[in-house]
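Novice: Sequence:
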Amino acid sequence: MAFCQWYREYYDLQPGNRVAAYASYGFDAHMMDIYPALTAGASVCIIDQSIRLDLNELNHYFVKQGVTHAFMTTQIGRAFAASVQCGSLKHLSMGGEALTPFTPAGDTKYYNVYGPTECTILTTAYCLDRYEEDVPIGKALSNLKLYVVDSCGRRVPAGVPGELWITGYQVSRGYLNRPEKTAEAYSENPFSDAEGYRRAYHTGDIVRFLPDGNIQFIGRRDGQVKIRGFRIELTEVEEIIRKFPGILDATVVAFDESGGGKYIAAYVVAGEQVDIEALNAFIEESKPPYMVPAVTMQIEKIPLNQNQKVDRKALPMPQREKEELTEPVGAMQQKIFDCVAEVIGHREFGATTDIYRAGLTSIGAVRLNALLSTAFEGVVVRNKDLKEYNTVEKLEKLLLERGEREIFAIQDAYPLTQTQNGIFVECAANPGSTIYNIPFLFRLDEKVELSRLKKAAEEAVAAHPYIKTTLFMDEKGDIWQKRNDDAPFEVEIKEHLCREELVRPYRLLDGRLFCIELYETEEGNYLFLEFHHIISDGTSCGIFIRDMNAAYGGGKLTAETFSGFEAALVEQKAMQGEEYSRAKEYYDSVFSGCDTDFLPVRDKREAASEDHAGTMQKPSGKQSSVGLYSRNIEVDMDAIRGFCAEKQITMNTLFTAAFGFVTGRYVYKDEAVFTTIYNGRNDSRLSSVISRGNQQGIWH
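Residue numbering for the sequence shown follows my numbering, beginning at 1 and increasing consecutively.
Honestly, I wouldn't trust all of these hints.
Claimed, not checked - Calculated pairs, DSSO-like style, for lysine-lysine (alpha carbon to alpha carbon, straight line, at most 30 Å):
id: 1; residue 1: K335; residue 2: K301
id: 2; residue 1: K313; residue 2: K301
id: 3; residue 1: K139; residue 2: K64
id: 4; residue 1: K494; residue 2: K556
id: 5; residue 1: K109; residue 2: K476
id: 6; residue 1: K181; residue 2: K287
id: 7; residue 1: K482; residue 2: K387
id: 8; residue 1: K447; residue 2: K482
id: 9; residue 1: K556; residue 2: K455
id: 10; residue 1: K384; residue 2: K90
id: 11; residue 1: K335; residue 2: K139
id: 12; residue 1: K90; residue 2: K387
id: 13; residue 1: K243; residue 2: K387
id: 14; residue 1: K584; residue 2: K476
Stated by the list, open to error - Each pair of labels, with its calculated beta carbon distance range:
id: 15; residue 1: D12; residue 2: Y175; range: 30 to 40 Å
id: 16; residue 1: K313; residue 2: A583; range: 40 to 50 Å
id: 17; residue 1: A375; residue 2: E272; range: 43 to 53 Å
These are computed hints drawn from the structure, not numbers from a lab.
None of the values given here were measured: they were computed from a predicted structure.
All residues carry an ideal CB built from backbone N, CA and C; glycine is no exception.
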């Protein structure tokens, strides 16, 4: 009765409506087809078995009978929605399996619904009005209460995955004559004692609340698929396969490996023969290699069971050609193999296996660089090396070629890197600015011993002497870095904390470029850390805090042997080498013919052209809605996020494109060339070093 009441209100079910009885009578969804309609005085149209899987005949029947409401299992419902537009159908709900995204079309409203049988058919519903990368299962029925909890039964905040618990009148009392299973799946509701909500059903499904209150389904607590150490959603693979030209239908299933673990197989339906290699390459354009199916089989149709869900037992067993794994040969290959295995989390690969196909990610590559460098006594490995030397055998060759560790003599002065030069110029142009300060203020637990933390911070500074570097100008006006490894440093403990005065401009020349202070105040104890961006980056801050914590816990820190000083020398040497010349030639060829000197000398709009509304004229002097802007712009961020989600782009991409478009309009060009900056560490020797990251440029 509670379910029928919700259904009538949610779907606006009226006596004149007609509801399709599509679900099998062995499937609890058939109650949704029948009882809400009968309690509303609406009609029920029984679907004949002969047309249940014939989408065209089904559509013809719906139109002829004037069917307004229908529910279909996900596989059939999605196919119907994607290929047929029914003139009479107002509401089509799909559920029973995870929904692969699609773009809604026509006047029909489509719903992704979810619900365990134990809780009377449905628990959540979500109306689709646009393409979404990951379709939520929606919000709770109006007369249910849902909770997302951790393994201890404690509620978790939005965005954090946990198990879904359901409470309400629709929750059943348990399993007939199965008290042990009932006790396992049902409990008292610890969050409410309201009548009708005192019993909770534990679904075993892992979900999370989204910021807008909708719920995102992640997977089964006991059924998430782990491939090569990575947890994946099969629907994510299925979705990308469906986008491949010519694919009409698809499903993806996980199978057990003979030697342990799992692999995935894809089953596709298409009008013509599918090029499997091209399909795999298509998947790998947007997904990591471990999400490429080990086997892809083309079949006539996806088999369905009597509940119209994918009948996995009826799918043909995949014929998999087992990869012959080459065992590592010798101690060096074995050591490399062990490093790779530690990073990717399994050993199901050989000495000739592509380590990226085995599961190495871009984040893992950074860690692998560090492991290899440590294992082979400081031999340099960079991210780009792993792309070329992408097997254990090839890595052995690389490490042998790199030979002995490079030795750097201590110098009186060191050059600035290109990144540091850029920061210095900008700081010099804006004296007194704190834009390049990186401050942290930590409120300390009362158990933290200030004297012990003071000593730990001083030990961390000693282990990373690059922090104490200072900049100076020589007689020619060039800026250099100076080592101060032996300069004394002591953390000061102060009594008065004024937050507004903590962040202050640094004196770039001959001044200290960091600040570490402890505060012992009446309201509590604090740690203030601050580094200037010219000697540090976000990664460096994390390294310092990590090492300071280790020292506080009694750990012995190892001093840097390769620091920002040596990194500057390496960059200087690289800029004089062949690789730098080749890179320059490449980018010169990419941008040959581009006009790179087209910006106006100054803004040619005069202040007098500004009116009281804050609008200003275009450079052409002609006012239009395109050329007007306001100082106070109200932006609908929800609309922007929705647009980005629909177009499957990031907000960074959108605003970068907008910047390029506007720049082109202002300089009267169809194309605008500009650069954005990002930083990274592509040298294994920098993995635990405090320094400024390497600058990279992306041209648009």
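Novice: All the hints need checking, so say for each whether the structure fits it.
Specialist: Here is what the structure says about each hint:
1. Taking the CA atoms of K335 and K301, the gap is about 48 Å. The hint is violated against a cut of 30 Å.
2. Between K313 and K301 the alpha-carbon distance is near 14 Å, which keeps this suggested pair within the 30 Å criterion.
3. Distance check on the hinted pair: K139 and K64 sit about 33 Å apart at the alpha-carbon level, beyond 30 Å; violated.
4. Between K494 and K556 the alpha-carbon distance is near 27 Å, which keeps this suggested pair within the 30 Å criterion.
5. The straight-line distance between the Cα atoms of K109 and K476 is roughly 73 Å, outside the 30 Å bound, and the hint therefore fails.
6. About 39 Å separates the Cα atoms of K181 and K287, which puts this hinted pair outside 30 Å; it is violated.
7. Among the hinted pairs, K482 with K387 is inconsistent with the structure: their alpha-carbon atoms are about 36 Å apart, more than 30 Å.
8. Using a Cα cut-off of 30 Å, the hinted pair K447 and K482 is violated, with the two alpha carbons roughly 39 Å apart.
9. Distance restraint check for K556 and K455: the Cα-Cα separation of roughly 12 Å lies within the 30 Å cut-off, and the hinted pair is therefore satisfied.
10. Our distance criterion of 30 Å between C-alpha atoms is broken by K384 and K90, whose separation comes to about 54 Å.
11. Under the criterion of a C-alpha separation no larger than 30 Å, the hint pairing K335 with K139 is inconsistent with the structure, at around 51 Å.
12. A threshold of 30 Å between alpha carbons decides the hint, and for K90 with K387 the separation of about 52 Å lies outside it, so the pair is violated.
13. This hinted pair checks out: K243 and K387 have alpha carbons roughly 27 Å apart, not beyond 30 Å.
14. About 28 Å separates the Cα atoms of K584 and K476, which keeps this hinted pair within 30 Å; it holds.
15. Our hint of 30 to 40 Å for D12 and Y175 holds, since their Cβ atoms are close to 35 Å apart.
16. About 56 Å separates the C-beta atoms of K313 and A583, a value inconsistent with the hinted range of 40 to 50 Å.
17. Checking the proposed 43 to 53 Å range against A375 and E272 shows it holds: the Cβ atoms sit about 50 Å from each other.
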